[in-house]
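Engineer: With chain A fixed as given, assemble chain B onto it according to the hints.
Number of protein chains: 2
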Amino acid sequence: MLKKLVMANRSYRRFYQDEKISTDTLRELVELARYSACGANLQPLKFVLINQPELSQKVFSRLGWAAALKNWPGPEQGERPAAYVVILRDHAIDRGFLKDDIVDHAIAAQSMLLGAVEKGFGGCMIGMVNRKGLSKDLGLGEQHEILLVVALGKPKETVQVDDLEPGASTNYWRDEQMVHHVPKRTLDELIVAEHGDEV
Amino acid sequence: MLKKLVMANRSYRRFYQDEKISTDTLRELVELARYSACGANLQPLKFVLINQPELSQKVFSRLGWAAALKNWPGPEQGERPAAYVVILRDHAIDRGFLKDDIVDHAIAAQSMLLGAVEKGFGGCMIGMVNRKGLSKDLGLGEQHEILLVVALGKPKETVQVDDLEPGASTNYWRDEQMVHHVPKRTLDELIVAEHGDEV
Chain A
1 MLKKLVMANR
11 SYRRFYQDEK
21 ISTDTLRELV
31 ELARYSACGA
41 NLQPLKFVLI
51 NQPELSQKVF
61 SRLGWAAALK
71 NWPGPEQGER
81 PAAYVVILRD
91 HAIDRGFLKD
101 DIVDHAIAAQ
111 SMLLGAVEKG
121 FGGCMIGMVN
131 RKGLSKDLGL
141 GEQHEILLVV
151 ALGKPKETVQ
161 VDDLEPGAST
171 NYWRDEQMVH
181 HVPKRTLDEL
191 IVAEHGDEV
Chain B
1 MLKKLVMANR
11 SYRRFYQDEK
21 ISTDTLRELV
31 ELARYSACGA
41 NLQPLKFVLI
51 NQPELSQKVF
61 SRLGWAAALK
71 NWPGPEQGER
81 PAAYVVILRD
91 HAIDRGFLKD
101 DIVDHAIAAQ
111 SMLLGAVEKG
121 FGGCMIGMVN
131 RKGLSKDLGL
141 GEQHEILLVV
151 ALGKPKETVQ
161 VDDLEPGAST
171 NYWRDEQMVH
181 HVPKRTLDEL
191 IVAEHGDEV
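Just so you know, the protein sequences line up as chains A and B, in that order. Per the UniProt record's numbering, residue 1 is the first one in the first sequence, and the count goes up by one each step. Per the UniProt record's numbering, residue 1 is the first one in the second sequence, and the count goes up by one each step.
So here's chain A without its partners, still in its complex pose (with noise of 0.2 Å):
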């Protein structure tokens, strides 16, 4: 089951534009999170949920799409998110503690997103963002600092893994039905070594 969810878990970036995203299920999305680990259990995450439709074109703005497919710039109006979950780092928690390499916010940002895959819909990690530009539009102050943005909508579009031929290139292209296609290297070429008995 999980895996089938998983699979079903690519970074997709053309949407239904108009398929909306209701702000409770955001905040399931969220909840979550909640329940994901993170490092010695600070929570220094918090959350800004986005679905109305003049903000979520203020914050497209701020984004970077795909970098490997140099002649696309991101997807049209009418393709683009519907909805958005912009993760913070909360700095007035344990600024001292906590390294500046924390890693809370993947980990919640994947239980998300396959909550997302789950619900019928689905989105994309973007680590590229003008965040001093998002951050003022969402009218941040210097406690929180973005850490990375979930895009989030109705997929409009066909992503398929393909095993990666050893030594060729892993960016991701499309063809010409604009069927997405992503390179994953084999399952042996992950694995190192096995120190294993048989069980």
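Mixed in with the good hints, there may be bad ones.
In this list, chains with the same sequence are indistinguishable; a pair is considered to hold if it fits within one copy or across any two.
[To be verified] Calculated cross-link-like contacts (lysine to any residue; reagent style SDA-like; alpha-carbon spacing at most 25 Å):
{"no.": "1", "residue 1": "Lys154", "residue 2": "Ala66"}
{"no.": "2", "residue 1": "Lys3", "residue 2": "Val179"}
{"no.": "3", "residue 1": "Lys3", "residue 2": "Glu118"}
{"no.": "4", "residue 1": "Lys119", "residue 2": "Thr186"}
{"no.": "5", "residue 1": "Lys3", "residue 2": "Tyr35"}
{"no.": "6", "residue 1": "Lys132", "residue 2": "Glu189"}
{"no.": "7", "residue 1": "Lys156", "residue 2": "Leu2"}
{"no.": "8", "residue 1": "Lys119", "residue 2": "Glu194"}
{"no.": "9", "residue 1": "Lys119", "residue 2": "Tyr16"}
{"no.": "10", "residue 1": "Lys119", "residue 2": "Leu2"}
{"no.": "11", "residue 1": "Lys3", "residue 2": "Glu31"}
{"no.": "12", "residue 1": "Lys184", "residue 2": "Ala40"}
{"no.": "13", "residue 1": "Lys119", "residue 2": "Met7"}
{"no.": "14", "residue 1": "Lys184", "residue 2": "Asp94"}
Note that these hints are calculated values from the structure, not bench results.
Structural biologist: Positioned in the frame of chain A, the structure of chain B alone reads:
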């Protein structure tokens, strides 16, 4: 469904050590990591699978356990993890392009732990690692940097999530029945703002 899985996926630190996890099961977990998102699709993560008892003991001795439980040095013999997945970063892969602060390993670990829970196991992400020592135990060279260790087993403890009282400590604690309590901020505390049109 996913919510049940996310809620059951607590950070477990005591296990039925004799309940083995097969290499095939560990490979299935890595397959979930393989299908999880990563920055720019570069896939710099590699994995070492360990369920061999003697080596597992060595791995155990390289890990820090539950920093907040000051009088508990970690699980005793008989309650230790039955298996480990060590997540590596392969520095032969795009050393130039990728920044130091990748979060791919956290995404991968979350997928693997959710998968473990679905299979009746559980575990814990451990970042407190004697990297030099473990690297030597595993015969790793400079190419492979240890990012995270995922400890796995059949959980032998009850973990209960409690709502965090405002202003109270986030430290987890154990009661007389050895139930492990984890105070979590409430959903309302996590959400800084909702910018929504009701749908």
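Engineer: None of the hints should be skipped; say for each whether it holds.
Structural biologist: Results of checking the hints against the structure:
no.	hint	verdict
1	Lys154 <-> Ala66	within (18 Å within a copy, 40 Å between copies)
2	Lys3 <-> Val179	within (22 Å within a copy, 31 Å between copies)
3	Lys3 <-> Glu118	both (12 Å within a copy, 10 Å between copies)
4	Lys119 <-> Thr186	between (29 Å within a copy, 23 Å between copies)
5	Lys3 <-> Tyr35	both (20 Å within a copy, 9 Å between copies)
6	Lys132 <-> Glu189	between (39 Å within a copy, 24 Å between copies)
7	Lys156 <-> Leu2	both (22 Å within a copy, 23 Å between copies)
8	Lys119 <-> Glu194	between (36 Å within a copy, 20 Å between copies)
9	Lys119 <-> Tyr16	within (15 Å within a copy, 35 Å between copies)
10	Lys119 <-> Leu2	both (14 Å within a copy, 10 Å between copies)
11	Lys3 <-> Glu31	both (21 Å within a copy, 9 Å between copies)
12	Lys184 <-> Ala40	between (32 Å within a copy, 12 Å between copies)
13	Lys119 <-> Met7	both (15 Å within a copy, 17 Å between copies)
14	Lys184 <-> Asp94	between (38 Å within a copy, 15 Å between copies)
In summary, the structure agrees with every hint in the numbered list given earlier.
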